[in-house]
Amino acid sequence: MRRVRTRILFTVFLASTAHAQQRGPLGARDTLSTVVVTATRVPVSTNAPTASTTVLSGEALRAQGISKVSDALRLVPGVQMVQNGPQGSVTSLFLRGGNSNYVTVLVDGVAVNDAGGAFDFGSLSTDNVDRIEVVRGPASVLYGSNAVSGVIQIITRDGRGAAAYTMEAGRGARGAQRGSVGMHGGTSAASYSLLAARQSTDGILPYNNKDVTDVLSAATHLSNGVTDARLSARWSSSLYQYPTEYDGTVADRNAEQVDHRLVVSADVAHRLSRDLLLHLLLGSNEYLPRSNDGPDTPADTLGFYGYVSRSVRTRRTAEARLDYRFADRNTLTVGGEVARDRERTTSLSLSEYGNSPDAFEAARNNSALYAQLLGDASSRLSYSVGARLDQNSSFGTFRTARVSAAWTVNSTTRIRASMGNAFKAPSFYENFATGYVTGNPALRPERSRSSEVGFESVVHDGAVTLRGALFTQQFTDVIQYSGTAPKPGAPNYYNVAAAKADGAELSANWKLTPMSSVTASQSWTDTRTTQAGFDKSAGANYVAGERLIRRPAQSSTVSAEQRWADGSRLQVTAMHVGERADRDFAAYPSTAVSLPAYTRVDASMVLPFKGADASGPQMVVSATNLFNVAYQEVLHFPAPGRLWYLGVRIGR
Numbered sequence: 001m002r003r004v005r006t007r008i009l010f011t012v013f014l015a016s017t018a019h020a021q022q023r024g025p026l027g028a029r030d031t032l033s034t035v036v037v038t039a040t041r042v043p044v045s046t047n048a049p050t051a052s053t054t055v056l057s058g059e060a061l062r063a064q065g066i067s068k069v070s071d072a073l074r075l076v077p078g079v080q081m082v083q084n085g086p087q088g089s090v091t092s093l094f095l096r097g098g099n100s101n102y103v104t105v106l107v108d109g110v111a112v113n114d115a116g117g118a119f120d121f122g123s124l125s126t127d128n129v130d131r132i133e134v135v136r137g138p139a140s141v142l143y144g145s146n147a148v149s150g151v152i153q154i155i156t157r158d159g160r161g162a163a164a165y166t167m168e169a170g171r172g173a174r175g176a177q178r179g180s181v182g183m184h185g186g187t188s189a190a191s192y193s194l195l196a197a198r199q200s201t202d203g204i205l206p207y208n209n210k211d212v213t214d215v216l217s218a219a220t221h222l223s224n225g226v227t228d229a230r231l232s233a234r235w236s237s238s239l240y241q242y243p244t245e246y247d248g249t250v251a252d253r254n255a256e257q258v259d260h261r262l263v264v265s266a267d268v269a270h271r272l273s274r275d276l277l278l279h280l281l282l283g284s285n286e287y288l289p290r291s292n293d294g295p296d297t298p299a300d301t302l303g304f305y306g307y308v309s310r311s312v313r314t315r316r317t318a319e320a321r322l323d324y325r326f327a328d329r330n331t332l333t334v335g336g337e338v339a340r341d342r343e344r345t346t347s348l349s350l351s352e353y354g355n356s357p358d359a360f361e362a363a364r365n366n367s368a369l370y371a372q373l374l375g376d377a378s379s380r381l382s383y384s385v386g387a388r389l390d391q392n393s394s395f396g397t398f399r400t401a402r403v404s405a406a407w408t409v410n411s412t413t414r415i416r417a418s419m420g421n422a423f424k425a426p427s428f429y430e431n432f433a434t435g436y437v438t439g440n441p442a443l444r445p446e447r448s449r450s451s452e453v454g455f456e457s458v459v460h461d462g463a464v465t466l467r468g469a470l471f472t473q474q475f476t477d478v479i480q481y482s483g484t485a486p487k488p489g490a491p492n493y494y495n496v497a498a499a500k501a502d503g504a505e506l507s508a509n510w511k512l513t514p515m516s517s518v519t520a521s522q523s524w525t526d527t528r529t530t531q532a533g534f535d536k537s538a539g540a541n542y543v544a545g546e547r548l549i550r551r552p553a554q555s556s557t558v559s560a561e562q563r564w565a566d567g568s569r570l571q572v573t574a575m576h577v578g579e580r581a582d583r584d585f586a587a588y589p590s591t592a593v594s595l596p597a598y599t600r601v602d603a604s605m606v607l608p609f610k611g612a613d614a615s616g617p618q619m620v621v622s623a624t625n626l627f628n629v630a631y632q633e634v635l636h637f638p639a640p641g642r643l644w645y646l647g648v649r650i651g652r
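Going letter by letter, the sequence shown gives residues 1 to 652 in this note's numbering.
Hints listed in this document are in silico derivations from the structure and should not be mistaken for laboratory results.
Only a predicted model underlies this, so the values are computations on that prediction, with no experimental measurement involved.
No residue lacks a Cβ here, since even glycine has one placed at the ideal position from N, Cα and C.
Heads up, a few of these hints could be off.
For each label pair, taking beta carbons as the anchor points, the in silico distance ranges come out as [said to hold, decoys possible]:
{"hint": "1", "residue 1": "Gly161", "residue 2": "Leu272", "range": "23 to 33 Å"}
{"hint": "2", "residue 1": "Leu280", "residue 2": "Asn410", "range": "14 to 24 Å"}
{"hint": "3", "residue 1": "Ala251", "residue 2": "Leu280", "range": "43 to 53 Å"}
{"hint": "4", "residue 1": "Gln531", "residue 2": "Asn410", "range": "42 to 52 Å"}
{"hint": "5", "residue 1": "Arg380", "residue 2": "Phe326", "range": "12 to 22 Å"}
{"hint": "6", "residue 1": "Ala401", "residue 2": "Ala318", "range": "22 to 32 Å"}
Please take these sequences and the hints and turn them into a complete structure.
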């Protein structure tokens with residue numbers, strides 16, 4: 001019962017390292033803009049070992065009319081997005097078969113996940129985004145809890161060059177409207193970006209399905225050649241009205257979710273010497289979700305007829321890191337981080353049996369030390385070794401480590417391997433829930449062990465790039481909910497389940513001509529519950545030997561792009577998602593079901609007005625689910641059918 005919106009298409013361009021380039025010792029251009037979130041957090045040589053990484057250009061996404069981060073991520077290898085029906089509903093991400101809370105989501109270096117929980121991608125837009133970096137594989141060594149299957153980082157645009165303005169206005173199917181205005185510019189010494197945007201739709205259901213998202217985003221980058229400072233702030237507010245019950249029945253005329261979020265980041269890099277760089281990062285994430293579901297009419301007084309809740313969830317972080325460059329192309333990173341998570345929630349249930357107020361408040365502190373050594377052992381062999389120690393006021397001490405290596409076979413081919421462990425802390429609800437559900441303060445973090453081998457090869461004189469990976473993940477101490485406590489007053493959550501996810505990813509990027517290209521990817525994932533825990537009934541969330549729900553065994557995409565000299569651009573994308581296991585939670589106990597496979601085609605086109613330059617007015621046309629295919633990503637919640645959008649945009 002939250003939010004999410006439109007979805008269109010995009011061009012994926014893959015990189016084995018995100019914005020990594022071959023260089024000598026730290027120089028004048030080693031600014032903060034290159035030391036952002038990559039798989040290693042430092043700029044490294046192009047043949048340095050990393051996890052599988054995908055970089056999405058914000059400018060390319062906007063050029064194709066992609067307005068939501070969730071829409072862009074759908075075509076990344078190994079990623080499965082799951083939307084609970086219409087635009088605005090909860091949208092979850094499953095990466096390499098892991099749970100939806102096994103991915104750390106960052107906005108300008110600040111984690112925006114709920115404490116120990118998942119992130120709803122519904123209201124996260126591409127407005128004012130410079131790029132999105134997706135790192136697949138365990139990353140707890142650098143990012144702590146939740147980075148079990150990977151990390152997704154959204155980086156705000158700084159702005160460069162002469163002052164430029166951006167504007168967009170358009171309309172689409174189902175009452176969709178989109179508008180934005182912004183400006184950006186600057187020099188290497190000082191740059192800025194500002195943007196205000198709104199997106200809305202009336203939804204696909206007959207009533208009470210409106211969805212609105214407002215965004216204010218600003219960033220500035222200051223540099224004097226010795227010290228770089230990057231400040232950013234992103235405020236978003238969203239309204240999602242949902243008439244559906246838990247079984248998908250359209251019945252409620254006034255239920256809604258209202259969310260406000262403010263993310264602030266201050267990132268400073270100071271060069272202590274030619275080879276020594278000090279980084280300081282201060283971050284704040286403040287999230288205020290509200291649920292409103294009062295009586296539908298004055299006569300609505302039977303059963304449980306109303307519910308309201310208010311929450312304040314905050315995360316404050318401070319981090320210091322030293323990067324020491326030695327022996328030309330080797331870097332030692334040592335860092336420390338402190339963080340405080342806090343949640344305060346009040347709620348009121350209305351029923352004919354009497355009103356039931358409830359209140360919940362919890363907080364915990366986490367401190368961590370980490371170190372990473374990476375570089376080149378020879379002209380062909382690169383390495384990376386890292387370790388981390390977390391000390392948490394709730395679950396105590398946890399250690400993680402990761403090691404990787406890459407071998408350059410020849411000038412066109414590189415192979416790599418890595419292994420490591422990661423963890424996910426319990427959520428506040430799992431730890432401290434009260435009322436109908438009892439939390440367990442003694443829960444341990446969920447744990448994982450992962451390994452991966454991969455390759456990258458450039459053939460046909462650089463026109464074709466091939467990438468592939470094989471991976472395996474084992475998840476243990478998985479927290480399971482048990483509806484029947486072992487004894488009266490006992491908790492409902494325990495570290496008793498286990499699962500695994502094995503798979504492969506293959507992608508190809510073929511540049512047919514300077515103006516045309518084709519990108520294709522294929523992902524295979526086999527997920528299984530290896531230990532069911534307390535609840536071994538057919539209705540349990542974890543059933544031994546069964547697949548994990550909502551994760552397809554295979555998925556694939558093919559995307560073709562054609563550009564013309566006048567700036568016109570056409571993109572067509574086909575996406576196939578295989579059959580998935582799900583559960584019918586409308587039944588008690590829930591029963592296992594299978595969601596059929598589907599294939600969806602999207603298309604977009606950019607048409608500059610006659611005589612306009614690259615930043616001049618352009619017409620943007622897009623169609624999602626072009627052939628109006630009926631499918632469900634969650635049982636009982638049909639996905640939107642064909643959606644179209646027509647708009648005019650000025651600037652990039």
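Here's how the hints hold up against the structure:
no.: 1; hint: Gly161 - Leu272: 23 to 33 Å; verdict: holds, 31 Å
no.: 2; hint: Leu280 - Asn410: 14 to 24 Å; verdict: violated, 42 Å
no.: 3; hint: Ala251 - Leu280: 43 to 53 Å; verdict: holds, 52 Å
no.: 4; hint: Gln531 - Asn410: 42 to 52 Å; verdict: holds, 44 Å
no.: 5; hint: Arg380 - Phe326: 12 to 22 Å; verdict: holds, 20 Å
no.: 6; hint: Ala401 - Ala318: 22 to 32 Å; verdict: holds, 24 Å
Of the numbered hints listed earlier, the single one contradicted by the structure is hint 2.
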